[in-house]
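So the sequence lines, in the order shown, correspond to chains A and B. Following the working numbering, the residues of the first sequence are numbered contiguously, the last one being 1399. Following the working numbering, the residues of the second sequence are numbered contiguously, the last one being 1399.
Watch out, some of these pointers could steer you wrong.
Copies of the same chain are indistinguishable here, so a pair counts whether it falls within one copy or spans any two.
Mimicking DSBU-like on lysine-lysine, the simulated pairs with C-alpha atoms at most 30 Å apart in a straight line are [what the hints assert, rightly or not]:
#1 Lys1052 to Lys831
#2 Lys1305 to Lys1096
#3 Lys1032 to Lys1011
#4 Lys973 to Lys1305
#5 Lys823 to Lys1382
#6 Lys1312 to Lys755
#7 Lys938 to Lys978
#8 Lys1338 to Lys1395
#9 Lys1076 to Lys1395
#10 Lys1011 to Lys968
#11 Lys938 to Lys1305
#12 Lys968 to Lys938
#13 Lys1305 to Lys1239
Honestly, the hints are just simulated from the structure, not real lab data.
There are 2 protein chains.
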Amino acid sequence: MPVATQSLEELCINSIRFLAVDAVEKAKSGHPGLPMGAAPMAFVLWNHFLRVNPKNPYWFNRDRFVLSAGHGSMLQYALLYLAGFDSVTMDDIKQFRQWESKTPGHPENFMTPGVEVTTGPLGQGISNAVGLAIAEAHLAAKFNKPDHTLVDHYTYVIMGDGCHMEGVSGEACSLAGHLKLGKLIALYDDNHISIDGSTDLAFTEDVGKRFEAYGWHVVVVEDGNTDLDAIQKAIEEAKSVTDKPSMIKVRTTIGYGSPTKANTAGVHGAALGGDEVTATRKQLGWEYEPFEIPEDALNYWRKAVERGAKYEEEWNLNWENYKAHYSAEAEEFARLLSRKLTEGWEKSLPTFTPEDKADATRNYSGKCLNALAGVLPEIIGGSADLAHSCMTLIKSSGDFQPGHYENTNIRFGVREHGMGAICNGIALHNSGLIPYGATFLVFADYMRAAIRISALSNAGSIWVMTHDSIQLGEDGPTHQPIETIASLRAIPKLTVLRPADGNETSGSYKVAIEAANENRPTLLALSRLAQPNLAGTSIEGTAKGGYIISGGEETPDIILIGTGSELQLCAGAADKLRAEGKKVRVVSMPSWELFDAQDAGYRESVLPKAVTKRLAVEAASSFGWCRYVGTEGDMISIDRFGVSAPGPVALEKFGFNVDNVLARAKALLG
Amino acid sequence: MPVATQSLEELCINSIRFLAVDAVEKAKSGHPGLPMGAAPMAFVLWNHFLRVNPKNPYWFNRDRFVLSAGHGSMLQYALLYLAGFDSVTMDDIKQFRQWESKTPGHPENFMTPGVEVTTGPLGQGISNAVGLAIAEAHLAAKFNKPDHTLVDHYTYVIMGDGCHMEGVSGEACSLAGHLKLGKLIALYDDNHISIDGSTDLAFTEDVGKRFEAYGWHVVVVEDGNTDLDAIQKAIEEAKSVTDKPSMIKVRTTIGYGSPTKANTAGVHGAALGGDEVTATRKQLGWEYEPFEIPEDALNYWRKAVERGAKYEEEWNLNWENYKAHYSAEAEEFARLLSRKLTEGWEKSLPTFTPEDKADATRNYSGKCLNALAGVLPEIIGGSADLAHSCMTLIKSSGDFQPGHYENTNIRFGVREHGMGAICNGIALHNSGLIPYGATFLVFADYMRAAIRISALSNAGSIWVMTHDSIQLGEDGPTHQPIETIASLRAIPKLTVLRPADGNETSGSYKVAIEAANENRPTLLALSRLAQPNLAGTSIEGTAKGGYIISGGEETPDIILIGTGSELQLCAGAADKLRAEGKKVRVVSMPSWELFDAQDAGYRESVLPKAVTKRLAVEAASSFGWCRYVGTEGDMISIDRFGVSAPGPVALEKFGFNVDNVLARAKALLG
């Protein structure tokens, strides 16, 4: 079709297509298929519905857009460029997939303003979107007044077959339906193709029916390639259904416009190749050079700038009005958005002495959460159907449910992975909310991908993981973490804490809240059974990750390093060794990452290089402990799977008792 | 209801209930609710349908029973005891949840014959069951003849709300529907209660509709507490539908029989307590002592022994007949069941010299798989929609699809976790099949729980993980493994291999097949890009986990340790150092676990304690490497998230090049 007869809409849509085609071609890497096929729905969404301000990607009341099919990142970059975001220039597009460009292979929120969440691993984006919608609903319930709507935006997603196959998305979408999140709208790029070929190979379920089963409103667009009206009507219909999230199945052709590769798996994840690029230009009547956008199309697209400025301006007036009428609420709202924690919040954290009754750190955790929730109402979260095991109910609030979105206890159900991605979405809504997700530590395995992404994408989620060792007892080896904590310590940018008692749990929450406030995730490993409050522990020490709780006055003969429930064993053994005249230092090491972040002088003062006789004690795998134990030290660990037995029996059988610590220490001392 | 008027069936059903109630009470730990509620369906299933031989829990053609709701383990133990399995005696029941008993907290196949798979982590069991059903369908297609049915058994599952909420079960069940696995029948203990309370809190989807969407046949039993006829008819109906798996929703009351705790979350996971136990006895008219089973009931239950012996006897006759008519097939069938690998199978593995063209280890992996499939037709598996990326298609076979279950390429779809659990099910069908599941290494995170269970439960699955480092390039940090391999090395009883070239890939497959044959899982980490075949690498060396590829003749000044794609850098730097007169040893360390398993003398010979100048090179996290590098050594690693850029650029920027290895080695040498 010659250029002259292309409608303005076709020009706009093909602008998306060819930015993608050409960027992928230049990079000789990437996924052109989805951008080509989803361009029409993206055009309709971004030009007729999406309320964003390209010049202020962080405007509070913007609609959120998530490209869950993150491999189609050139779609997102094309949209950001065309709509006039400063974060993606034409040079950035030309640098697609190159070292430190603003247009990495999969969208990264920490790299490119305008990108809300980091996607790529399938299923995460749509699940994050459920979190974004939860955040909107919560803030709307908290702040909106009958005569003043302050919070009012939609969460839109473009997703494909891959995301639908992933279990995490089923978890999150089932919960979204239960929660009746009416302002969540997903467009399903229904192209019947995945990497291996036709979806006939492995994915023949009735997706629409499944989403109806979840309680979603399902709309079908038969021709998502050319019927823009139908797409528009579908989104309008979705918006009109306010008590259900919506899934719009948009039938498309992957790689639309490519003469020989459209509708094949080959166009999913590889550059078209020079010949095919030329042929596609011909087929779609696109006579422009690579990275050249026709002026008419660009002007049309760039109306988003004007619109966006207007949206924000209107909202600002609205905000001024709100402030005038509801000053207290406005102050709180402003506090949240400015990420200013309530003055003196940390004072709410309880402290303990050895005289205080022994208790499980999961219980101290519950106390901390509840104390903090009293001064930081931005804390919102829950567990994967383990509220009374993880002790994570906020007693001063109710359940977040339809009609009660103002509440802060989210009932995630047995959906760890969905919970993880949802929490990340709440954090990345970027409105000061502090989400937490809880389960048994061993089930961190179910949600590891979401935990990893929280670290990668600067999502300040707090992961509350209880039942952290063989100490949990009778549930047995499927439930007893062994290598879990090592596997989590290995994740870059994730702070892992294993507190020993009440003070250290309070200290862990201080770290966690500060980290969340700085968009960094934290993971707490907490015990099932009671352990005593020890002398020498403190909130301040916990923040250093590793610190001396006794024996710091002189160079010791031996250092006992303990974490969590095993620190008490070190303390007990130290007493006995000292009674025999030995110079013993006891070091608590609640967090490797925090300790490693201290300056060398501090670390040397705690673990002097010259003192090579070191005994670490942790009811977990020894994997990685050589870092602190050295080659001359020893460790009491457990490097095999556990056993079903009462907790104290298991601990005893595996050598976690004071006598064994004493014996191993003496062996080291020689 | 007084005992005298209890029907025999009621006595039998209450036998289950009270074994569970009393065992949990004695242990003061456990989950009585599900056994009490699911007892009727279990009774009907085990007495009217399940074909097992209690005296031979490993009889090939037994029906498989999986308790996916593993916390209800006392249900399974009660069934095994009542049906006459020798693996669970009354003493074992009394030792429920005690150190090393045969009745651990969650069912463990490696502990208790009669338990097919290890459950506990929700969603795994039903997903394993899909694998068991795949195994049956495959073997039936391979071996059954029009006039001789050798393979013919069902896979039954009891599952609850928790399993249904978990995403992994959705993945596996969607695939099961696509694959039309008609002999998979799940009974859904539909009690509307989970740990946190009513399912109204978080789980209000229409499960029946969702399963219809998956292509399952759905049946509803309105009263699963007392309507045994309805349960029976439902299972008959399920069996009559041969082209769809079946989901039977059985409406039950959790903790049925307990006057004050039935239908509450409290009865899910805690002992009833003495008073309630007494009250339950009264309510159900059970006048027997704890662990006392009425003779009539036991006799009825124990008919399973007689039935089972007959089933097996009939099958043996059938087998003799088959052998007589189809001797070649029978020989192969016997070979599989006896776990005897084809004579000389390992000779099919290719070997290489440095003159052979460089290639990616994912490609060598594809060659190995295909070579092995030619001599070991028991190899069956696939990827999570990454067949042409992971190179895991077996070219000599077609896709495992309805009507073609004889094929060995399973198209899992984008369902890593489901794939993992399904592979475990295939392995634990215990018929000699060797399953493999493939995806990108970073997505091991999605399926970690299944990988862990493969190690715990002795499931000989082979995990083929490609794109194993920043070398994969442009897809960026969401796809680039950093800490993944460390996190997997930390899993007990999992052998992780990262081969450097063709020989080591062949060596890795030799290890993997041998391990699978011994019910041990293996994980291979393979490169995306080509690397050269190096001098000194070998299949034999790979099996030792760490070995010298050059510089073994004398005590070296420095040892360079490399794995996978970085070994070549060590070899290159070694050449340069030797040119400068240095004594350099290059050690390849494809597998930590295998190396650690060698005797101390061997390990000392490879890494002599006295040689403290060691430089390790791996494009991954340094986490744990101090084990081999010591406190005086160094490492070129990457301990931060990656970046989207072409692979060679990323490697270069992060210091993975010969010059940097040389420089760091020299710095060590001083």
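Name the hints, by number, that the structure is in violation of.
1, 2, 4, 6, 9, 10, 11 and 13
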